[in-house]
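J.: The chain contents come next:
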Amino acid sequence: EDKVVQSPLSLVVHEGDTVTLNCSYEVTNFRSLLWYKQEKKAPTFLFMLTSSGIEKKSGRLSSILDKKELSSILNITATQTGDSAIYLCAVQSGTASKLTFGTGTRLQVTL
Amino acid sequence: GAGVSQSPSNKVTEKGKDVELRCDPISGHTALYWYRQSLGQGLEFLIYFQGNSAPDKSGLPSDRFSAERTGGSVSTLTIQRTQQEDSAVYLCASSTQRGETQYFGPGTRLLVL
Chain B
4 EDKVVQSPLS
14 LVVHEGDTVT
24 LNCSYEVTNF
34 RSLLWYKQEK
44 KAPTFLFMLT
54 SSGIEKKSGR
64 LSSILDKKEL
74 SSILNITATQ
84 TGDSAIYLCA
94 VQSGTASKLT
104 FGTGTRLQVT
114 L
Chain F
4 GAGVSQSPSN
14 KVTEKGKDVE
24 LRCDPISGHT
34 ALYWYRQSLG
44 QGLEFLIYFQ
54 GNSAPDKSGL
64 PSDRFSAERT
74 GGSVSTLTIQ
84 RTQQEDSAVY
94 LCASSTQRGE
104 TQYFGPGTRL
114 LVL
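Residue numbers (this note's numbering), protein chains in the order written: chain B, 4 to 114; chain F, 4 to 116.
Isolated chain B, as found in the complex (with noise of 0.2 Å):
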């Protein structure tokens, strides 16, 4: 059965802070690895990687896949209010269609 852990399980950051958020993963014929970030209901679709695309950029936002380590992680720098939220891994497997999530790693940043 695949499995995603996720750490740390919260966090607390000063705005300006950079953090770092990691995921390591446990799945028969891996396809790929998506972040997601949920505020309320809603996961907002973050990044995908895959064997083709282990390192994604967006803005302040970035993602990297390990393959060797079974492991990804999420930074992000120059953190803001906005950022808090619960960001979400997830991974599926090239045999199913189903996405298998972590719990989250719920993010808080302050003034």
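Just so you know, nobody snuck in bad clues.
With a cut-off of at most 30 Å between alpha-carbon atoms, the simulated DSSO-like pairs for lysine-lysine come out as follows: (1) B:43 <-> F:18; (2) B:60 <-> B:70; (3) F:14 <-> B:40; (4) F:20 <-> B:43; (5) F:18 <-> B:44.
Since the hints were made in silico from the structure, they are not lab data.
Got chain B; can you put chain F on it based on the hints?
T.: Chain F only, in chain B's frame:
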């Protein structure tokens, strides 16, 4: 452009009642997924549709749960004889096809009293 929409946004029901939750996927998306998120838990897969057929129903927790999709578009998740443990946020997602990025709707928060 329109994203995934779900209705109702909130539903309060009494134990033992049936409920129907609706999902309108992004136009043209052939794949549709239902997940649920219980308090403090990660998202849990329920069912996947490709077109109107459901090749993966492995996440449905009991036979009280069923779902259908018509016209390759709208999907309805039905929970019969609701129990308190069914209380959760039910999220729908769609993608252009299997394996592509899944985009989520705003969810339906279900509370069973």
